[in-house]
Amino acid sequence: MITFRKDINGLRALAVISVVLYHFDTPFFSGGFSGVDIFFVISGFLMTGIIQSRLEANNFSFIKFYLDRAKRIIPALSCTCLLVFISCWFFLTPTDFETLGRHIYSSLLFISNIIYFKEINYFDASASQKWLLHTWSLSVEWQFYMLLPLLMFIVYKINRKAINSVLQFVFIVSLTLSVYFVESNKASEAFYLLPARAWEMVIGGLVYLNQIKINRRYLAILHYISIFTMVAAIVCLDKNDQWPGLLALIPVSAAAVFIASGHDSWISSNPVAQFIGKISYSVYLFHWPVVVALNYFGLTDSSMRFAGIILSFILGAISYNLIENQTKRVLNQYRQQTYKEIIAIILILLIPFGVSAFSSQNGGFASRFPYALLTSEDIAKERARYWVDGDKEKPVPANGPRKIVIIGNSHGVDLTYALTENGLKGDITYLRTTSYCSNFGFTPNYPQYKDKCPPVFHKAVNNKALNDADVVFMHDDWAKEDLLNLSKSLNEYLSKTKAHIYVIGPKMTYTKSAIDIVANSMDEKKTTVEMVNEYSKNYYSKPKIKIDKDLKTFFSEHKEYASRVTYISAMDIQCGNNYDCKLLSEHNKSFYYFDAGHFTLNGSINFGSMLKSAHPELFL
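To convert a position in the sequence shown, counted from 1, into my numbering, add 13.
These aren't lab readings, by the way, just hints derived from the structure by calculation.
Any given hint could be a false lead.
As the list claims (entries may be wrong) - Taking lysine to any residue pairs in the SDA-like style, the calculated list, with each CA pair at most 25 Å apart, reads:
#1 K19 / L335
#2 K555 / K438
#3 K438 / Y515
#4 K472 / K511
#5 K416 / H513
#6 K84 / K511
#7 K525 / L335
#8 K562 / Y574
#9 K252 / K463
#10 K341 / K353
#11 K501 / R445
#12 K625 / R445
#13 K291 / L259
#14 K539 / S554
As the list claims (entries may be wrong) - The following label-pair restraints were derived from C-beta to C-beta distances:
#15 L507 / S603: 33 to 41 Å
#16 I227 / S66: 18 to 26 Å
#17 N308 / K394: 26 to 34 Å
#18 S554 / A175: 40 to 48 Å
#19 D585 / H471: 26 to 34 Å
#20 T579 / F41: 43 to 51 Å
#21 L614 / L222: 57 to 65 Å
Quantities reported herein were computed from a predicted structural model and do not represent experimental measurements.
All residues carry an ideal CB built from backbone N, CA and C; glycine is no exception.
Take these sequences, add in the hints, and give me the full structure.
This is the structure in structure tokens:
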């Protein structure tokens with residue numbers, strides 16, 4: 014039978030502190046994301062213990078088990094979702110609000126891990142714009158809760174002694190799958206999906222089923238070693254490590270040893286650790302929306318991050334006392350009336366689920382912002398141009414004898430439209446690279462992509478169209494990594510073609526999406542297109558400006574490229590010497606961007622027109 018253990022409650026405190034401080038970019042907590050893995054081990058231990066003890070007592074009930082989990086998880090989660098929904102009503106643009114609605118009901122249905130798996134890499138910069146991204150772990154746990162009792166019940170009825178062996182098998186299969194995904198550059202599958210995460214919870218279950226009596230002195234030693242190991246993982250790991258995979262064995266095994274030791278030291282049982290452990294679930298729920306809010310409003314200095322940490326724990330304490338404890342007290346009144354408990358849980362879910370579903374089906378309540386000129390359908394069409402139509406090697410039918418090659422990632426699609434929509438004629442081939450790799454496929458941006466980039470690069474550089482080309486255009490979402498091996502990349506491409514290469518530098522990008530900038534501008538009473546364009550300068554991507562300058566320096570210093578490579582500054586063409594870039598068209602008020610960095614079709618046409626005026630020779 015499972016009883017309250019101070020040491021496990023203290024372990025919760027360590028887990029939530031590490032996660033919170035990691036998300037607030039606190040020094041020495043670069044591996045704080047492993048706190049989620051520690052939570053998984055705790056859950057596996059507790060759930061296996063509850064199920065096994067009830068099976069042995071012959072009083073296991075699926076309904077009671079699932080209801081107990083729902084009563085523990087759903088009230089505070091529903092409250093978090095509702096408060097996020099209400100808060101974001103006042104400032105999120107319709108498209109983002111529509112997306113939030115979809116994320117809320119996916120969180121309440123415990124499928125958000127699958128939604129985020131399809132949308133984003135957890136460690137990507139844009140992850141900090143997902144208000145409920147952290148609910149992926151709750152979804153994984155809930156899915157585990159749904160399957161574990163079924164598995165244990167069936168095995169117990171067939172052969173009660175086989176549960177341990179079956180869970181060992183599940184552990185091995187799941188860990189193997191996790192390692193396979195990580196080693197195969199399928200990091201999102203390994204991170205978000207239950208089959209690759211189940212081993213972290215199953216190991217907790219194995220600890221419960223294999224309790225061994227050890228000398229008390231040795232238990233204390235194991236206790237302190239496990240704490241040291243978890244802290245070392247929290248301090249030494251970082252987001253560039255391949256995760257979860259084999260590295261996750263370090264904090265996961267340490268958490269398992271900690272629980273197995275059962276030792277209760279001052280470190281885990283002191284009043285502060287016990288208090289934080291009790292409120293850990295609510296702190297976890299509320300801390301991430303605080304992180305996103307600070308990022309959204311640009312409040313990212315150290316003092317604001319510190320304030321965000323304090324606020325997260327205050328909100329967690331309030332939620333624990335007013336939501337978790339109070340709903341537990343009310344629901345316990347109906348403990349012998351199952352149908353009333355079920356009705357109560359449904360009612361708790363109903364409001365946040367209903368309003369979020371309605372929002373996602375009604376364009377994010379666009380009437381809140383009559384000046385939001387891009388609908389979700391508009392953005393969907395623009396995205397399709399990039400990531401559906403934009404994948405075509407032959408973007409347009411051949412309409413001239415000149416053989417033209419365009420090389421680049423999704424930003425190369427911008428250039429393709431800019432050229433073709435302004436009269437470029439020829440037999441055009443688009444060789445698509447990827448945002449994971451700089452230098453047009455040559456250099457991986459992160460270690461986990463080291464095996465993914467060579468095939469991308471070789472596919473582009475060895476394409477027959479490059480060998481046959483009369484002219485080559487190269488354009489990308491330039492990053493500082495592009496300058497590291499630019500010479501090597503260029504030399505490889507030059508060795509495969511006799512064509513002249515035009516390298517198009519970075520265009521202006523922004524630190525927020527276009528519709529967010531417009532919404533913020535309107536909030537500050539800057540309502541004309543001219544005012545919005547002026548206001549948008551506050552959101553210029555300064556790294557892009559620096560990269561453009563660095564590229565000019567690079568090509569002026571590397572005279573060996575002068576006869577075969579021409580650098581064209583997209584920034585100069587688009588913005589001029591005074592960096593007077595336009596977010597909106599001053600002619601028809603249309604958007605030039607549909608996100609923070611990609612042109613709308615109208616934006617591509619406008620840029621192409623300016624490019625044609627500055628360099629008419631490109632279009633001959």
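To see whether the hints hold, each was checked on the structure:
For the suggested pair K19 and L335, the alpha carbons sit about 23 Å apart, so the restraint of at most 25 Å is met. Proposed proximity of K555 and K438 is contradicted: the alpha carbons are some 35 Å apart, above 25 Å. For the hint linking K438 to Y515, the alpha-carbon distance of about 16 Å falls within 25 Å, and the restraint holds. Simply put, K472 and K511 have alpha-carbon atoms about 18 Å apart, close enough for the 25 Å limit, and the pair holds.
Taken as a hint, the K416 and H513 pair is honoured in the structure, with Cα atoms around 12 Å apart against an allowance of 25 Å. Between K84 and K511, the direct Cα distance comes to roughly 69 Å. Violation of the 25 Å bound is thereby established for this hinted pair. At most 25 Å may separate the alpha-carbon atoms for a hinted pair to count; K525 and L335 exceed this at roughly 36 Å. At roughly 17 Å between alpha-carbon atoms, K562 and Y574 fall within 25 Å of each other, so this suggested pair holds.
Annotation: proposed proximity of K252 to K463 holds, straight-line Cα distance about 15 Å (limit 25 Å). For the given pair, K341 sits about 14 Å from K353 by alpha-carbon distance, which is consistent with the 25 Å threshold. For the suggested pair K501 and R445, the alpha carbons sit about 19 Å apart, so the restraint of at most 25 Å is met. Between the alpha carbons of K625 and R445 the distance comes to roughly 23 Å, so the proposed pair stays at or under 25 Å and holds.
Of the supplied pair hints, the one linking K291 and L259 is violated, its CA atoms being roughly 30 Å apart against a limit of 25 Å. Distance check on the hinted pair: K539 and S554 sit about 21 Å apart at the alpha-carbon level, within 25 Å; holds. Take L507 and S603: their Cβ atoms lie about 39 Å apart, and the range 33 to 41 Å holds. With their beta carbons about 22 Å apart, I227 and S66 fall inside the hinted range of 18 to 26 Å.
Checked against the hint of 26 to 34 Å, the C-beta distance between N308 and K394 comes to roughly 28 Å, which is consistent with it. For the pair S554 and A175, the beta carbons lie near 58 Å from each other, so the given range of 40 to 48 Å is not met. A hinted range of 26 to 34 Å for the beta carbons of D585 and H471 is consistent with their spacing of about 33 Å. Here the CB-CB span from T579 to F41 is close to 47 Å, well matched to the stated 43 to 51 Å.
One distance hint, 57 to 65 Å for the beta-carbon pair L614 and L222, holds here, with the actual separation near 60 Å.
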